[in-house]
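Student: Chains as they are written, first to last, in numbering that gives the first Met the number 0: chain A, 0 to 290; chain B, 0 to 313.
Hints are computed from structural coordinates only; laboratory data are not their basis.
Quick list of the computed label-pair ranges, beta carbon to beta carbon: (1) A:K174 - B:A204: 27 to 37 Å; (2) B:I146 - A:S211: 46 to 56 Å; (3) B:T147 - A:F274: 46 to 56 Å; (4) A:P63 - B:Y276: 33 to 43 Å; (5) B:A204 - A:F274: 16 to 26 Å.
Virtual Cβ for every residue (Gly too), placed ideally from N, Cα, C.
One-letter residues, chain by chain:
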Amino acid sequence: MDLSLFLQLIVNGLMSGGIYALIAAGFTLILGVIQVFNFSQGQFYMLGAYCTFGIVTSLGLPYPLGILAALAAMFLLGILFHFVIVQWTLPHGFFHTMLVTVAFSTMVGQASFLTFAADQGLVEPVIPGTLNIRGITLNNGKLLVIGGAIVVMVVLYYFMKTKIGTAMLAAAENKDVAQLQGINAKRIFWVTMAVGSGLCGVAGSLIVPVLSATNNMGMNAFIRSMLVVLIGGTGSMSGALLAAFMVGIVESFAFQYVGQLSLVAIFAFAAVLLFFRPGGLLGKPLPIPGQ
Amino acid sequence: MSKTTIGGAAALLLVLIGLPWFVNPYVLQVLILTIVYSMLGLAFSLTLRVGLPRFDVAAWWGVGAYVTAMLVLKAGVSFWLTIPAAGIVAVILGWVIFKIVIPRGMMVFLLAGMVLTMATQQIFASVPFFGGWGGTDVIPFPTIGPITFADKRAVYFLGLIFLGTNLLVYKVLLESRIGRAWTAIGSSLGLASSVGVNVVRYRMANVLIGNFFIAVAGSYLVASTLVAIPTMFTFTNSINVMMYVVVGGMGYSLTGPIIGALIVTFIPEYLRMAKEYEPIITSAAIILIIIFIPGGVLGLVRNGIKPWLARRLS
Numbered sequence: 000m001d002l003s004l005f006l007q008l009i010v011n012g013l014m015s016g017g018i019y020a021l022i023a024a025g026f027t028l029i030l031g032v033i034q035v036f037n038f039s040q041g042q043f044y045m046l047g048a049y050c051t052f053g054i055v056t057s058l059g060l061p062y063p064l065g066i067l068a069a070l071a072a073m074f075l076l077g078i079l080f081h082f083v084i085v086q087w088t089l090p091h092g093f094f095h096t097m098l099v100t101v102a103f104s105t106m107v108g109q110a111s112f113l114t115f116a117a118d119q120g121l122v123e124p125v126i127p128g129t130l131n132i133r134g135i136t137l138n139n140g141k142l143l144v145i146g147g148a149i150v151v152m153v154v155l156y157y158f159m160k161t162k163i164g165t166a167m168l169a170a171a172e173n174k175d176v177a178q179l180q181g182i183n184a185k186r187i188f189w190v191t192m193a194v195g196s197g198l199c200g201v202a203g204s205l206i207v208p209v210l211s212a213t214n215n216m217g218m219n220a221f222i223r224s225m226l227v228v229l230i231g232g233t234g235s236m237s238g239a240l241l242a243a244f245m246v247g248i249v250e251s252f253a254f255q256y257v258g259q260l261s262l263v264a265i266f267a268f269a270a271v272l273l274f275f276r277p278g279g280l281l282g283k284p285l286p287i288p289g290q
Numbered sequence: 000m001s002k003t004t005i006g007g008a009a010a011l012l013l014v015l016i017g018l019p020w021f022v023n024p025y026v027l028q029v030l031i032l033t034i035v036y037s038m039l040g041l042a043f044s045l046t047l048r049v050g051l052p053r054f055d056v057a058a059w060w061g062v063g064a065y066v067t068a069m070l071v072l073k074a075g076v077s078f079w080l081t082i083p084a085a086g087i088v089a090v091i092l093g094w095v096i097f098k099i100v101i102p103r104g105m106m107v108f109l110l111a112g113m114v115l116t117m118a119t120q121q122i123f124a125s126v127p128f129f130g131g132w133g134g135t136d137v138i139p140f141p142t143i144g145p146i147t148f149a150d151k152r153a154v155y156f157l158g159l160i161f162l163g164t165n166l167l168v169y170k171v172l173l174e175s176r177i178g179r180a181w182t183a184i185g186s187s188l189g190l191a192s193s194v195g196v197n198v199v200r201y202r203m204a205n206v207l208i209g210n211f212f213i214a215v216a217g218s219y220l221v222a223s224t225l226v227a228i229p230t231m232f233t234f235t236n237s238i239n240v241m242m243y244v245v246v247g248g249m250g251y252s253l254t255g256p257i258i259g260a261l262i263v264t265f266i267p268e269y270l271r272m273a274k275e276y277e278p279i280i281t282s283a284a285i286i287l288i289i290i291f292i293p294g295g296v297l298g299l300v301r302n303g304i305k306p307w308l309a310r311r312l313s
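The following block holds chain B by itself, in its conformation from the complex:
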């Protein structure tokens, strides 16, 4: 890695760590949400790598959240143990469903994802065990020794750890042999298949790994909200992840979703004063971004701003 990259990374880390002391608690809460959305966006981006747009993100997110909430409330399990549990449940359920769906192709996967999102929301709301539309009871603040995650700053740092781990795992996977197989499938399915890449199996692996981290994001969400309510896991959430990826830049699997999540989550916050017109303005802004900056923000930086800077400085 070059000196500039290390320097840049160090600076970013300093900013991220110092942030909670420079922003008000409300902004911190939005940042926490952005961290969650980033993790969801990363999973969408990961699965896009194998040519599958996944719209089931909110479903597994909900599964993760409910597993955590239910285990803590009904079985008295420590919050920290519920995190891997949530991931594992999402992987097992996902395996059952995707075994049938993935061999049917991209369009079926796309539609099935949407259906899954709606179905899980309905199920969480309708089955009395989960608490119905009102959601689960409130869980106690998670603790590690003396640190209680009642303080938003603690939750924020926890989020950074979750996000960092997620990024690391994805990065390692993407640069491994598995990642190369995924890229092959995504760029040219027929060709990959013809050289012996087991498309279905690699796709399954990709989707299920995504499931794990989506569910973990759900657990983290519960650490922040302390409750799981069906209305938190809507169709809109599943659709929004695609927005993060496109706004951030589709070519950037790891950084794109994070930048995109930041932008898409903060635009409505700055437009709060518009009240009921806000969705209209945000949607219009998104449309304009997609039309005029199709490469996303990161694409603009690399293809537009960097060369411009280079010309200016040379």
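The following block holds chain A by itself, in its conformation from the complex:
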């Protein structure tokens, strides 16, 4: 394989990885802090993409505004989702809440299919053209996605160090003690949902100049993000990050050689990894048996 193809596949992989990292980070946050298995995580990603597409193409506004719009819209949708639906099932337990997110996911999927079916929205690349390094051509748009994803992750990192971010981490570790320390648990719930959804919204807005917004992009990305969370170690954000890029790159190379079977390839990759690092990539090597 020549260097050009190799680097392009790496770029593709890092691009997908960046997206999976954002979605997985949001998912892990929601799972860890408020113990909700948010099955509709992927749909927020899809809606973010369509939102940006709509803002940029239909309203003709500049792309950065599209990103902000997606972030704000998904942030608000996450809050709405929490107050209208999730908060009523939380007292009934993990499965009830998970089921409600499944039903919501189906609802959103069908509703968006009916609304957007005709539109497969591709936004104009922000910096069109390609980058040329020593004769190797790399797509600018894709590099921008990688850059954007990294920027968002850095922002997230510093957000987790703020007062509210630390409160979220404290609540994740031990909700009761956190409340004893004066942390407003109610606020943590909707903030977490909002941040988790917002992350997906941004991911969607980042990818839309490169890959068109489609109806099943949400579930497709969500499936990969599940794998990322599985490999990275449930509850570990840094593990998810590393796993995301690995999954992205494996998928990219697998797609080149086996096309649709790339999904099976990453499943196999995940299986092998789990066999040797069952606690996740950066987690404990051996968990308590039978837990």
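Following the hints, position chain B against chain A.
Tutor: Chain B alone, transformed into the frame defined by chain A:
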């Protein structure tokens, strides 16, 4: 058992047996599907008993169906022999996989289940031997002597036998020492472990028994559809089983999934006229049921309707 229970059971049996002559063939087909889904739901419910939510149901269902279809088509094996074969294959494959997964805990099991569902669907679709996305060829109608299972009513009764056997085995297990160990693991894992219950081993047994019956449900499905196609064994099926259990009532391991399957399968049928809006309405209905009837239908009956009736009649 009290006289009312026996009377009630007898009445139910009469209704079930008489049903095919009072409903149209379409409804009968939906009932057949409901029987299959009930068996899947029962397996989910069984594994929930040990604190593990299993999302791999569609995978083993597919394995069972494909084993049956392939054995009949390629090896000319009688349909009836493929039923235990399907179960055994699912148990062996399950053993290999769960040996690695179960010791890793609930969350890994949950995620691995989902991955398994998708992986098996992909494999069935991609490996040419299984017929690809178009699925297998059509198998001939199974027969027992003069009875050909071309008649939906015959398939329906066969289903009742499958479901009944499944229920019986689960009931016996749940009331045995094994069942008590399972309940202990499900209610308090640390405590169970500390008194010497081998959590991993009991969980393995539970999951593998479920595998057997899920695969058998797959065989039964092929008796009805006569074919195995990858698109029949989707992620949605794996997720839906949880819905049956919650809608039916999580505290009711045996009856909950059946009631839940009935409700969740029939709601979309009654909403057919809404066409493309149907998934939205069904999902909304499910959300409302989960929020307002968290104990499930059976929970509502026991905690809501029965006391109300008792007050009214006293």
